[in-house]
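Visitor: Spelled out, the chains give:
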Amino acid sequence: MSLVEIKNLKVHYPIRSGFFNRITDSVNAVDGISFNIEAGETYGLVGESGSGKSTTGKSVVGLEKVTSGSIMYKGKDITKKANRKSLDYNHDVQMIFQDSLSSLNPRKRIEDIIAEPLRNFEHLDKDSEKLRVLQLLDIVGLDADALYKYPHQFSGGQRQRIGVARAVATNPKLIIADEPVSALDLSVQAQVLNFMKKIQREFNISYLFISHDLGVVRHMCNNIAIMNNGRLVEIGTRDDIYNHPMHIYTKRLLAAIPETNVSQRAEHRAQRLAVEEVYREQQDKYYDKDGLAYPLVQITPTHSVALPEALAEQLKHEGEVQA
Amino acid sequence: MEESLNRHSKISAADLERLSKEAKGEATPSSARIVWNEFKADKPAMVALVIIVAFILFVMIAALFIDTPKMMETDIMNYNAAPGTNGFILGADTGGRPIFQQLIVGARNSIGIAMGLTVISSTFGICWGLISGYFNGLIDWGMQRVYDFMMMLPMTMMIIVLVTIIKNYNAITLTLIFSVFYWEGTSRLIRSRTLSESEKDYVAAAKTSGTGNFKIIFSEIMPNISSLLIVDTTLSFAENIGVETGLSYLGFGLPMHTPSLGTLIANANDPNNITQYWWTWLPAALLIIILCLSISYVGQVVRRSADASQRQGAAD
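The listed protein sequences derive, respectively, from chains A and B. For the first sequence, the numbering used here begins at 1 and goes up steadily by one. For the second sequence, the numbering used here begins at 1001 and goes up steadily by one.
What the hints contain is simulated information worked out from the structure, not anything from laboratory work. Bear in mind the structure is a predicted one, so any value in this text is a computation, not a measurement. Among the clues, some could well be false.
Unchecked claim - No more than 27 Å apart at the CA atoms, straight line, and that leaves these computed lysine-lysine pairs for DSS-like:
1. A:K80 / A:K65
2. A:K85 / A:K126
3. A:K81 / B:K1200
4. B:K1021 / A:K149
5. B:K1167 / A:K149
6. A:K173 / B:K1021
7. A:K130 / B:K1021
8. A:K173 / A:K7
9. A:K10 / B:K1200
Here chain A stands alone, though its shape is the one from the complex (with noise of 0.2 Å):
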């Protein structure tokens, strides 16, 4: 069994107007989506800005009202309050979130900030706490002078490496990663990543991956989502996704990747305008009438695309012969 799964989760936040308010539309930022996250492994989200993953992700941690669907957790549905209560969710549910500096506290020293998930689910005596936090500050790689000090007196990977502390304060289950790393340069991003592997290989913890940086992704990620308009347009493992990729969203994101070889400047340029190209010519073919992405259909066991069935059958047969 999986450690999460989400069945059909939608999230649509309602648009009022008129003179009595009345709802009259919504915006559907999450829009029936289903995956599970298997103990200890690093699923990736990906996606444009807006195509809801950061929604995805706030909902499996309780911090957005879900509209419908489920998301299953120990076989209780915790998009419930009274479930994620009775089951003490956010003890084994943590979160990392972009915003390094507004995520933590400005009015409160690191200790207590570390601290604060250890309060309200632990419960220890007061030297058994500090030393904890002295650890999980050795953990992520800082000094024992942080304790006392406030966030604005850190850099920004010192900031998202004392987030990362206090996600894994509680030795969660799982961590939500909503882009921790996308507000840090390149050099700081593979610090606070080799960090976030080494606590995972360390606590056997799982991450749900939120991204738009297919790179990052690559390094982290053993299974893949790709995330478009509030429905996933593919879902696969990091071979199916980077070395297979079926849907055009996917390759047209591929594509975006920079690269930094110069010498082939020209040819790289060259192929992004023709994954453009066709992207433009068979956008149609692969999106329903209103723009939305089609239900998934597997093409192998780990793949599967959102495509109409002709499509995908015509696309699977391709692929056979190719191999």
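Using the hints, position chain B against chain A.
Guide: Only chain B this time, still in chain A's reference frame:
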């Protein structure tokens, strides 16, 4: 968790004392220290602080030695006695009552009312605004309609009516009556800041850390809007001195036999007093100006020390 932490971290229980001492050495200065440094860097504010503290202490203590009912007895022989005559330091008013003693007791009454009013109305207004802004939705809607209703009532008229129909009112009942009407401005100001503050990630992080709603409101959000709270509270304290004074000036504040800064200023109602007997009203007016200015200076310093980017004081 404990086991795996011990396995992966070099730090063990033995190091606890050494490390926490190390951390103490690197700790940022306490907030009291920061406020003090800020006062040291701003001389006018330091003077203002000394004035306020010295004045309030003097007034509170000196008022204990004055027999108010006896002081308020009319003494026709000393009608408008000039300052310095017959042992009247600041002269006497039309009733022959000593201005200096009236000033002391009056200042105590006025400051006492202003303090009580500030404490009650600011506490209530801040709580109302915080709760309304944090929970949002239906709770916010309901609380804001109560606010709108209170705002709609004509405040001065209501206070005058209440003061007239309550037979035996004194400083305490007057403070309570004022408090009913003076929390609104604060509450909406706080609500607007809370609305934006509760959208921030650290509130979401506190929720996922399992912290309860009221603890988030009062120990996470409130410290973060503290500079706003301090400025608003000091300004409303200065303003509240004016509230009592203004109403007493109109004749609806404290009863006649209780001196206050307002009743003293009300002496200026008489053109005779303005032109000839300046000592009956000028000291009280100057006192109010100096007090209100000093309070706002002190408020500015406290606000600056609450906001790291505005500090002028040396780090240490």
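Visitor: Next step is simple, just say for each hint if it's right about the structure.
Guide: Results of checking the hints against the structure:
1. Between K80 (chain A) and K65 (chain A) the CA atoms are separated by roughly 9 Å; this keeps the pair inside 27 Å, and the hint holds.
2. Distance check on the hinted pair: K85 (chain A) and K126 (chain A) sit about 25 Å apart at the alpha-carbon level, within 27 Å; holds.
3. Straight-line distance between C-alpha atoms of K81 (chain A) and K1200 (chain B) comes to about 21 Å, which keeps the hinted pair within the 27 Å bound.
4. Distance check on the hinted pair: K1021 (chain B) and K149 (chain A) sit about 14 Å apart at the alpha-carbon level, within 27 Å; holds.
5. For the suggested pair K1167 (chain B) and K149 (chain A), the alpha carbons sit about 57 Å apart, so the restraint of at most 27 Å is broken.
6. In summary, the hint linking K173 (chain A) to K1021 (chain B) is not supported, as the alpha carbons are separated by about 33 Å, beyond the 27 Å threshold.
7. A hinted pair counts as satisfied when its Cα atoms are at most 27 Å apart, and K130 (chain A) with K1021 (chain B) qualifies at roughly 12 Å.
8. Distance check on the hinted pair: K173 (chain A) and K7 (chain A) sit about 20 Å apart at the alpha-carbon level, within 27 Å; holds.
9. Our distance criterion of 27 Å between C-alpha atoms is met by K10 (chain A) and K1200 (chain B), whose separation comes to about 24 Å.
Of the numbered hints given earlier, the model fails hints 5 and 6; all others are met.
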